[in-house]
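Student: Below are the chains, spelled out letter by letter.
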Amino acid sequence: MVVYRVAHDKDSGKPLNHMHTSIAKAIVGDWGMKAASDAVQIFGGYGYIHEYPIERFLRDAKLGQIGGGTSEMQRFIISRILSYF
Amino acid sequence: MNYDLTPEQLSIKENFSKFCTKEIEPRAQILDHATHEEVDKLIKENIKMLAGIGYLGMGHDEAYGGTNLDLISQAIAGEEVAGACASTFLSCGASSGLFGVPVKLFGTDAQKKKYLPGIIKGDLIGCFGLTEPGAGSDAASIKTSAVKKGDKWILNGTKTFITNATIADVALVFAYNDKSKGPGTGVTCFLIDKGTRGFSVSKPFDKMGFRGSPTAELILEDCEVPEGAVLGAVGNGFIQAMQTLEYGRIGMATVCLGIAAKCLQYANKYSKERNAFGKPINRFQEVSFKLADMMILSDVSRLLIYQAAWAKEMKNPESAVLASVAKVWASEAATQISSMAVQIFGGYGYIKEFPVERLYRDAKLGEIGEGTSEIQRVMIAKDLIRKYAA
Ligand SMILES: Cc1cc2nc3c(=O)[nH]c(=O)nc-3n(C[C@H](O)[C@H](O)[C@H](O)COP(=O)(O)OP(=O)(O)OC[C@H]3O[C@@H](n4cnc5c(N)ncnc54)[C@H](O)[C@@H]3O)c2cc1C
Ligand SMILES: Cc1cc2nc3c(=O)[nH]c(=O)nc-3n(C[C@H](O)[C@H](O)[C@H](O)COP(=O)(O)OP(=O)(O)OC[C@H]3O[C@@H](n4cnc5c(N)ncnc54)[C@H](O)[C@@H]3O)c2cc1C
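If you read the sequences in order, they're chains A and B. Each residue of the first sequence is one higher than the one before, starting from 18 at the first, in my numbering. Each residue of the second sequence is one higher than the one before, starting from 18 at the first, in my numbering.
Wrong hints could be hidden among the right ones.
[Unchecked claim] Each computed BS3-like pair below joins lysine-lysine, with the alpha-carbon atoms no more than 30 Å apart:
1. K198(B) / K138(B)
2. K51(A) / K166(B)
3. K404(B) / K79(A)
4. K224(B) / K169(B)
5. K35(B) / K31(A)
6. K399(B) / K51(A)
7. K39(B) / K381(B)
8. K198(B) / K166(B)
9. K131(B) / K31(A)
10. K166(B) / K138(B)
11. K65(B) / K399(B)
12. K329(B) / K51(A)
13. K51(A) / K79(A)
14. K31(A) / K286(B)
15. K329(B) / K27(A)
16. K31(A) / K329(B)
17. K130(B) / K329(B)
18. K381(B) / K51(A)
19. K27(A) / K30(B)
20. K65(B) / K138(B)
[Unchecked claim] Pairwise CB distance ranges, derived in the manner of DEER restraints:
21. P32(A) / V395(B): 39 to 45 Å
22. G199(B) / K27(A): 48 to 54 Å
23. G85(A) / T52(B): 54 to 60 Å
24. Y101(A) / D21(B): 17 to 23 Å
25. S54(A) / L22(B): 32 to 38 Å
26. N173(B) / F60(A): 48 to 54 Å
27. S158(B) / G85(A): 16 to 22 Å
28. M225(B) / Y101(A): 31 to 37 Å
29. M36(A) / T52(B): 41 to 47 Å
30. Y21(A) / K224(B): 36 to 42 Å
31. S219(B) / S54(A): 44 to 50 Å
32. A250(B) / Y101(A): 53 to 59 Å
Calculated from the structure, these hints are not laboratory results. Heads up, the beta-carbon is just placed ideally off N, CA and C, and yes, glycines get one too.
All chains should be modelled from the sequences, with the hints used to inform the complete structure.
Tutor: Next comes the structure, spelled out in structure tokens:
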């Protein structure tokens with residue numbers, strides 16, 4: 018939903034809402050990492066081997082916290098916006 | 018899905034925010050520190066005040082004095098009420114929601130006429146009695162019994178943790194009328210008026226949080242009620258309770274969101290004014306990242322609540338599981354957020370003069386009431402396993 022909302026902001030022609038984009042990026046990045054890690058855990062040993070796609074998800078998910086502005090940068094942006102309220 | 022609030026919804030937000038900031042919020046701290054007797058008096062006044070601006074009628078039909086607004090509008094107003102005073106939200110919700118919603122959905126015309134106008138005006142207060150000393154999460158194991166004698170029902174049992182018990186004019190009580198049939202068709206819900214012989218209320222509990230909302234036991238000792246006291250039909254009680262709790266979960270998520278948003282508001286303001294090491298503490302990343310996390314967690318709570326409310330409005334079959342998702346997230350977010358707020362206030366967050374101390378205590382109920390976080394996860398997992406079976 019956080020992602021859809023950014024898409025909705027864009028589709029309805031509004032100026033980019035930095036609060037919305039940073040929240041989306043931070044939460045999806047961090048929770049994507051957690052979901053991938055939990056999935057590996059559920060698969061146990063099989064989750065750790067190349068045969069199953071699960072271990073690739075975990076490797077890919079890590080990029081979500083780094084690429085396009087790290088999770089830390091998103092928090093920095095959100096807190097800067099908050100400081101104006 | 019459209020992520021913009023309608024002009025009507027925006028004006029509801031503004032009106033409730035103004036009213037609650039002026040009339041309700043100043044009383045929150047007083048309610049929290051009041052004696053049980055004072056609480057009963059003050060909370061009734063708060064319910065009456067909010068009824069005055071239409072809050073208790075938002076989910077009810079116009080025929081009985083309500084405004085029949087959508088669940089998102091109700092969540093918007095609810096967030097403002099809860100942020101101003103979580104106890105007030107809980108007591109209003111128990112009366113017009115946990116009591117009022119099943120009467121609206123399952124009651125006979127006579128029952129609706131008798132109770133709903135008073136509930137909506139705040140002249141009558143209702144409560145919802147499901148939980149028992151030996152049956153909380155496992156609601157099917159309730160022991161309260163109802164035995165038919167001529168044209169009367171005789172009820173025996175004890176309900177515990179009942180919000181509004183001490184101030185209620187009427188209670189919904191769930192009892193087995195036929196244990197052999199099991200919960201599905203063996204439980205019936207009864208409307209019991211205050212003053213009915215054999216019906217009494219215990220002293221209120223001394224709670225960690227929500228101290229402004231009275232909680233007590235309902236005691237039924239050979240309590241005799243007429244046939245007309247059956248809500249809807251005999252045997253439907255358990256399903257009625259479960260359907261009511263689906264609304265209740267969106268409500269509990271909303272009170273958590275109100276608490277969380279208020280914590281963020283206080284902590285954000287404080288962190289700009291409080292100086293340490295020669296600068297405002299919001300210039301330290303340890304503090305500002307907490308604020309950012311508070312924003313992320315509460316913003317997602319709001320979206321999940323609106324999603325669950327929307328699904329329920331659209332009669333989407335996923336609405337029950339979405340209500341559980343919203344409730345788990347919003348309640349766990351609120352306990353984390355309120356803890357971060359206390360942390361940002363430092364020593365001041367730990368003393369009762371500052372409202373974050375109250376918000377921190379209030380937040381914890383969210384993970385317990387209306388089905389614990391564990392029970393929500395059990396239900397979410399069951400739903401997933403069912404979907405991916407075969
Ligand atoms: C302030 C307040 C107001 C309330 N208002 C009302 C009201 O108005 N009406 C009403 O009917 N009730 C009300 N309740 C009761 C509330 O709904 C129950 O407290 C709640 O359902 C939990 O039940 P319990 O306290 O008996 O805990 P238990 O069911 O005894 O649970 C204890 C622990 O065991 C865990 N657990 C239980 N079963 C499972 C399982 N299958 N899997 C994993 N973990 C499990 C629980 O998650 C919990 O952590 C209120 C409670 C409070 C504190
Ligand atoms: C019950 C109780 C008993 C106490 N007993 C005593 C006692 O006996 N004697 C005594 O002298 N004091 C006592 N204290 C005071 C206690 O030590 C202080 O509350 C504590 O040091 C924090 O200071 P503060 O409350 O002024 O918070 P602040 O210093 O204002 O901190 C507010 C927030 O900003 C953060 N922050 C501040 N500076 C930085 C920074 N540079 N980088 C990152 N984050 C920062 C803090 O971590 C905190 O989250 C007591 C406090 C309590 C609540």
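Student: Hint by hint, say whether it matches the structure.
Tutor: Verification of the hints:
1. K198(B) / K138(B): violated, 39 Å
2. K51(A) / K166(B): Cα-Cα ~58 Å, so violated.
3. K404(B) / K79(A): holds, 29 Å
4. K224(B) / K169(B): violated, 37 Å
5. K35(B) / K31(A): holds, 27 Å
6. K399(B) / K51(A): Holds, at about 21 Å.
7. K39(B) / K381(B): Roughly 26 Å between the alpha carbons, so the hint for K39(B) and K381(B) holds.
8. K198(B) / K166(B): With Cα atoms ~19 Å apart, K198(B) and K166(B) stay inside 30 Å; holds.
9. K131(B) / K31(A): Violated, because 49 Å separates the two Cα atoms, which is more than 30 Å.
10. K166(B) / K138(B): violated, 36 Å
11. K65(B) / K399(B): violated, 41 Å
12. K329(B) / K51(A): holds, 29 Å
13. K51(A) / K79(A): Holds, because 10 Å separates the two Cα atoms, which is no more than 30 Å.
14. K31(A) / K286(B): holds, 28 Å
15. K329(B) / K27(A): Holds, at roughly 27 Å.
16. K31(A) / K329(B): Holds: K31(A) and K329(B) sit about 29 Å apart, inside 30 Å.
17. K130(B) / K329(B): holds, 25 Å
18. K381(B) / K51(A): holds, 24 Å
19. K27(A) / K30(B): holds, 24 Å
20. K65(B) / K138(B): holds, 7 Å
21. P32(A) / V395(B): 39 to 45 Å: holds, 44 Å
22. G199(B) / K27(A): 48 to 54 Å: holds, 52 Å
23. G85(A) / T52(B): 54 to 60 Å: holds, 56 Å
24. Y101(A) / D21(B): 17 to 23 Å: With a Cβ separation near 22 Å, Y101(A) and D21(B) satisfy 17 to 23 Å, so the hint holds.
25. S54(A) / L22(B): 32 to 38 Å: Since S54(A) and L22(B) have Cβ atoms about 36 Å apart, the given range 32 to 38 Å holds.
26. N173(B) / F60(A): 48 to 54 Å: holds, 52 Å
27. S158(B) / G85(A): 16 to 22 Å: violated, 51 Å
28. M225(B) / Y101(A): 31 to 37 Å: About 35 Å separates the Cβ atoms of M225(B) and Y101(A), which means 31 to 37 Å holds.
29. M36(A) / T52(B): 41 to 47 Å: holds, 43 Å
30. Y21(A) / K224(B): 36 to 42 Å: Since Y21(A) and K224(B) have Cβ atoms about 39 Å apart, the given range 36 to 42 Å holds.
31. S219(B) / S54(A): 44 to 50 Å: holds, 47 Å
32. A250(B) / Y101(A): 53 to 59 Å: holds, 57 Å
Figure legend: structure checked against the earlier numbered hints; hints not met, in rising order: 1, 2, 4, 9, 10, 11, 27.
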